[in-house]
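There are 2 protein chains.
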Amino acid sequence: MRILFAATAATLALATTTLAQEPEAPAPSPGEIVNAAPQDEWVVIDPEDLVVMTLPPLADGSERKVVMQLIGEPFSQGWVENIRTLARSEYWDGSEILRVQDNYVVQWGRPDPEMGVEPKPVPEGLNVMPESEYVANRTREQARALRDSSALFHARAGDRFNEFCEGDGELKPGWNIRKCSGFNLSLADVHGMISVGFEQGWPIGATINWDQVWPVHCYGMVGVGRGMSPDTGDGSQLYTVIGHAPRHLDRNIAVVGRIVDGIEHLSSLPRGKGALGFYEDPAKRVPIVSVRMAAELPASEMPRFEYLSTESDSFAAYADARANRRDPFFIQPAGGADICNIPVPVRRAGERQ
Amino acid sequence: MRILFAATAATLALATTTLAQEPEAPAPSPGEIVNAAPQDEWVVIDPEDLVVMTLPPLADGSERKVVMQLIGEPFSQGWVENIRTLARSEYWDGSEILRVQDNYVVQWGRPDPEMGVEPKPVPEGLNVMPESEYVANRTREQARALRDSSALFHARAGDRFNEFCEGDGELKPGWNIRKCSGFNLSLADVHGMISVGFEQGWPIGATINWDQVWPVHCYGMVGVGRGMSPDTGDGSQLYTVIGHAPRHLDRNIAVVGRIVDGIEHLSSLPRGKGALGFYEDPAKRVPIVSVRMAAELPASEMPRFEYLSTESDSFAAYADARANRRDPFFIQPAGGADICNIPVPVRRAGERQ
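Protein sequence lines, in the order shown, are assigned to chains F and W.
For reference, each letter of the first sequence is one residue, going 30 to 382 in this note's numbering.
For reference, each letter of the second sequence is one residue, going 30 to 382 in this note's numbering.
Chain F with its partners taken away, still in its complex shape (with noise of 0.2 angstroms):
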C-alpha cells in the first residue's frame, strides 16, 4: 500500500529482525512513543474542565459529540466561568454553528440580531473581562520559576540553544534541543521576541522575560468570538481553529480550550458562502442539540479523557520525535518543529491509541 508516511515500524522491525542478528531497531515514531508512555505520566482531566456539544445525528444514525477542555489558571479564566455558567443555564441548547471559513475557524452560537433573530439573553451575572486579560502576568520571581522550571520548553528565536540550559545541556546536532537538568526543548518561534512552550498540556507563548504568558492559536484551540476592541465577547459566541494556526490571533483574542475529541465533525462541515464564512442561508446551520458540563452528566455518559503531561520524559521525546522523524518513512529529518507542529497527545482515559 502506497502510503503518505510510516505506516508500521513494527512490520518493518519484524523484517529487519528476520534479516541480520542484533539489528539496529528502527526509531520510534512519535505516535509510537506516546503509546509507550507510562501510565503515570499520563493526567486525567477534570469533567469540570470538559464541555460537551451535541449535534445531530447523521443521516447514518452516526452520533456527533464533541468534547472541549477548558483551559486553567492562569489563563481567561473569567470567560472560562461564563463558559461553566452558560452551559449550565443550557444557553446553548437550540443554538447554531453560524461560521464554517476554510482554513480558518467554525464559530457556533446564537445568531446576532442583525441576522434577524430575537436574541436569547444570556445568563445574568457574567464576567465582563478587559483586554488585559488575553495575557497572563507574572511576577518577577514567577516569571523566574517558571522560566527555571522543567515545566517548560524554553524557544526565543535567535536565541535557541543558550538562554536557560547551561552545563547540563545535552546539544542535538540538527535541532534545537537540549536536554537540561529537567529537560527543556528549544523551539525557535517565527514571532520576533515572543517565547513558546508548553506548560501543564498547553501550548503557549510568553515575552522573553516570561513576564506575560498566553496560550496560543494551534489547531483544535477554541477562543471566545467579539466585536471591536474594547470588547472582548462573554463566551456565548465560540470558535475553534480548523487550519493552519492564526497566530496572529495571539493576544488579540481570550483562548479558553481547545476540542479534545470529535474536531471533524466541525471540521467536515461545508463551508459558509457569505463574508467570513458565515451561512447566509440559515437553513445551512447545523443545529446545536445540548452543549452540557461533563460533571452534570450521568456516570455512563461522562467522558474522561487524559492528555500527555508535557512535563513527562515521554512528551520530551514525543516532541523531538515530531521535529525530527526518525522511522523508517523519513529519509531527511526536518531539523525542528513549530509549537503547533506539537500537538499535545490526549486519548480517552486509560486507552492506548
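Misleading hints may appear alongside valid ones.
Each pair may be met inside one copy or between any two copies, as identical chains are not told apart.
To be verified - Below, computed lysine-lysine pairings styled on DSSO-like, alpha-carbon distance capped at 27 angstroms:
hint: 1; residue 1: 313; residue 2: 94
hint: 2; residue 1: 149; residue 2: 302
hint: 3; residue 1: 313; residue 2: 302
hint: 4; residue 1: 149; residue 2: 94
hint: 5; residue 1: 149; residue 2: 313
hint: 6; residue 1: 302; residue 2: 94
For the record, the hints were derived by calculation from the structure and aren't laboratory data.
We have chain F already, so just place chain W on it with the hints.
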C-alpha cells in the same frame, strides 16, 4: 454582528471621516492590500499548469471542481510531467478520494492492489524519479544570485535582520522585515538551519547558503503519495494538506503544486475511520468523475487564474500586514508570521475579491 476579525475597515474609515478633519485612515487589512494591488502585479497562470478535478455534484446539484496549479522549474518537474501524462490519458477518471485524515491530508488516486481492486495500469513512459529530486540544487553562482535577488524573502532563524540587507534597509521595529534595494522580508523559521522565502509565487525552504531549495508543505500544497524509501511515487496518487502545515514532510516527498480553487470540496469531506484516515468502507470513497489539463478544455470551460507576484511591492506590504495586523480589529500585532501563515493570493484572472 460579533465577528472574529476585522470585517470592514471601509466602514470604519467612513465612520472616522465623519468625526474629525483629516483623520488618520485605519491601516488596511491584508485583504484590502491585495485588492488594491495594480493588475500588473498579478501573474496569469499558464493553462498548461492547471489541472481540473471534477467530483460528482452535491445533492443540491451544485458542482464540485477542484483546480490545482502545477509547480514550475526548478522543482519536481519529473513528477509534474507524469501528472500531465496521467491527466491526458484520463487515468484518474473513475478513481477515488481514498483518504481524509483530519488536520493532515486528503489523498486520491486508485486503490492499491492490497485494497482488493484490480489496478488500472499507469500509462507507459512515466518518469521514475530519484529522491535527490525532492530538492533543487543550485550552483554557487545561482545560489548567490537567488540570495541577492529581490525575488526572495530571506530568512534564517537566529539571524533575521542582518544577513542580506545592508545599508539601505529600513528596519521595522518589532518585526523582522526590512526593505532593501528591492525588498526582502526576513522570516525566521523554526527549523534549524533552514531559510524560507517566496519565489515565483511559491513558498520555499532553502539551506542557509541557498545551494538547495524546495517547496514547503503549507495548507493546500499538493504532494506525491509514495511507499517506503527509495520509492518516490509516480504521481498517480496525490494528496493535499488540509491542516496545520506538516513541515516534517518537506524534503521527504515530492511537492508538485497547490490547490488554487475548490479546496473546500476536499477539506470538508468526511474523515476516514481507518488507519491514517483511509476509508475502510469503499462505499465511503468519493468518486472522481474526471481530471483534465485546463489547456485541453474548451475555452468556455477553461479556468483562468492569476497570483499576486511574490516579487511585487503589494506582496511585500501584504506579507508585512499578515505579520503585523494593524487593521482595526487587532490590538496587538503578532510581530511576525510563519511562511505558511502568509498564503500567496490567487484569484480568478481579472477578478477583484
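We went through each hint and held it up to the structure:
no.: 1; hint: 313 - 94; verdict: both (19 angstroms within a copy, 21 angstroms between copies)
no.: 2; hint: 149 - 302; verdict: within (25 angstroms within a copy, 37 angstroms between copies)
no.: 3; hint: 313 - 302; verdict: both (10 angstroms within a copy, 25 angstroms between copies)
no.: 4; hint: 149 - 94; verdict: within (23 angstroms within a copy, 40 angstroms between copies)
no.: 5; hint: 149 - 313; verdict: within (20 angstroms within a copy, 39 angstroms between copies)
no.: 6; hint: 302 - 94; verdict: both (25 angstroms within a copy, 16 angstroms between copies)
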